[in-house]
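Fit chain A to the supplied structure of chain E, relying on the hints for placement.
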Amino acid sequence: MGDLFVLAISCIFINNILLAQFLGNCPFLGTSKKMETAVGMAMAVVFVLVMAGIITWIVDVYLLKALNVEYLRTVSFILVIASLVQFVEMFLKKSIPGLYAGLGIFLPLITTNCAVMGVCLINIKEEYTFVQATVSSFAYAVGFGLALILFAGVRERINLARVPKPLQDTSIGLVTAGIIALTFMSFKGMV
Amino acid sequence: MAQSLAKEFTKGLWAEIPPFRLVLGLCPVLAVTKSVENGIGMGVATTFVLVFSNLLISLLRNVIPSKVRIACFIVIIATFVTIVELVMQAYTYELFLKLGIFIPLIVVNCIVLGRAEAFASKNGPVLSVADGLGIGLGFTLSLAALGAVREFIGNGTLTIWEGLPVFEMGGNFLPFQFMIEAPGAFVGLGLMLCLMNLIGKK
Numbered sequence: 030m031g032d033l034f035v036l037a038i039s040c041i042f043i044n045n046i047l048l049a050q051f052l053g054n055c056p057f058l059g060t061s062k063k064m065e066t067a068v069g070m071a072m073a074v075v076f077v078l079v080m081a082g083i084i085t086w087i088v089d090v091y092l093l094k095a096l097n098v099e100y101l102r103t104v105s106f107i108l109v110i111a112s113l114v115q116f117v118e119m120f121l122k123k124s125i126p127g128l129y130a131g132l133g134i135f136l137p138l139i140t141t142n143c144a145v146m147g148v149c150l151i152n153i154k155e156e157y158t159f160v161q162a163t164v165s166s167f168a169y170a171v172g173f174g175l176a177l178i179l180f181a182g183v184r185e186r187i188n189l190a191r192v193p194k195p196l197q198d199t200s201i202g203l204v205t206a207g208i209i210a211l212t213f214m215s216f217k218g219m220v
Numbered sequence: 006m007a008q009s010l011a012k013e014f015t016k017g018l019w020a021e022i023p024p025f026r027l028v029l030g031l032c033p034v035l036a037v038t039k040s041v042e043n044g045i046g047m048g049v050a051t052t053f054v055l056v057f058s059n060l061l062i063s064l065l066r067n068v069i070p071s072k073v074r075i076a077c078f079i080v081i082i083a084t085f086v087t088i089v090e091l092v093m094q095a096y097t098y099e100l101f102l103k104l105g106i107f108i109p110l111i112v113v114n115c116i117v118l119g120r121a122e123a124f125a126s127k128n129g130p131v132l133s134v135a136d137g138l139g140i141g142l143g144f145t146l147s148l149a150a151l152g153a154v155r156e157f158i159g160n161g162t163l164t165i166w167e168g169l170p171v172f173e174m175g176g177n178f179l180p181f182q183f184m185i186e187a188p189g190a191f192v193g194l195g196l197m198l199c200l201m202n203l204i205g206k207k
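Quick note, the sequences are listed as chains E and A, same order. FYI, in our numbering the residues of the first sequence are 30 to 220. FYI, in our numbering the residues of the second sequence are 6 to 207.
The hints are simulated quantities; they were obtained by calculation from the structure and are not laboratory data. For clarity, every value in this text was computed on a predicted model and none was experimentally measured. No incorrect hints appear here.
Straight line, CA to CA, 20 Å or less: simulated DMTMM-like cross-link-like pairs of lysine to aspartate or glutamate: (1) A:103 to E:156; (2) E:63 to E:185; (3) A:103 to A:90; (4) A:72 to A:122; (5) A:72 to E:118; (6) E:154 to A:90; (7) E:154 to A:99; (8) E:217 to A:186; (9) E:154 to E:99; (10) A:39 to A:99; (11) A:103 to E:155.
Restraint-style ranges between C-beta atoms, simulated for each label pair: (12) A:150 to E:197: 18 to 28 Å; (13) A:91 to E:191: 43 to 53 Å; (14) A:20 to E:197: 12 to 22 Å; (15) E:126 to A:165: 50 to 60 Å; (16) E:218 to A:68: 50 to 60 Å; (17) A:72 to E:159: 34 to 44 Å; (18) A:94 to E:156: 16 to 26 Å; (19) E:87 to A:94: 20 to 30 Å; (20) E:90 to A:178: 46 to 56 Å; (21) E:126 to A:73: 19 to 29 Å; (22) A:181 to E:219: 20 to 30 Å.
Beta carbons are placed, not taken as given, at the ideal position from N, Cα and C, and that holds for glycine.
Just chain E, with the same shape it has in the complex (with noise of 0.2 Å):
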């Protein structure tokens, strides 16, 4: 129990995905001009990416490896992520229209989204149990919605700001996440 309290944390906060791992930064520029967005992707990105770990564990260790075909990782996850989404969709629009309206537009996005599929990669890669797979996809999901949810914090406050005119936009949005993962840094000695 412990040890899986302390994967989470390090998923979480040492290891975050999006600030140490680089991975889903496109949605992360992308959603957090405005609260509203990033809080319907991080809600998304965390319904999925638990999701996708668990079935994409069980596809790798009862199918690729029992068959020995594991140079076929990349096609048959991306195609277990994609129909994923893509049956998640239509699940929430049939059964819960009001999730749905909330995630709709973000839900396709997902597909292209590379936290899910490195997470998955990640979770194979470190040769995690099953309990310590969902754990960790658990967690980094948390990880890519807290930092997504505080950066969006931040650039809102940004656009009250006067920046000079060839740092606006994206660029000042790179500099601003480049000290955020500077914060993140300094949880690096707690575990």
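Then chain A, alone, in the frame of chain E:
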């Protein structure tokens, strides 16, 4: 014909150079640019995937039904990424280990899918290859440039291939390690983008 070919090729080098003009595919840009060598390796791998997926998609553009085109594109791209993965594992194993999961992650690099959707699915094979080469070369140059800045400031060296330092600072140089660490990637790219905006304004 030759003129439009040249145009498609050169637009990737300045007018639409990724990741500066098109802010896409940032993850590998930030993650692998600790040194020039990694940057070039990643850039070449991505260029290979770009050129061949562009070629195949533009050949198949009239066969693929438009409703399932994204899924088809992804499968084609994933196939070429698998080829790159296996080739790198066989011939440049050390670089393969350094780039780690970012090689399989070329599949979800928005630049590759973006070019497939925006260009290759609408144009002929020759133009698509020129477009892929141009964008790929631009991507490689950007990665190498950011890698050079980060490696020079953060480590005091410039390495082109396999631990061969082309340039080394003297003993008095104190490396500014911030640039090698994660935050340096964001700040470095942000400032380079700012510089591009300054030059591009003229």
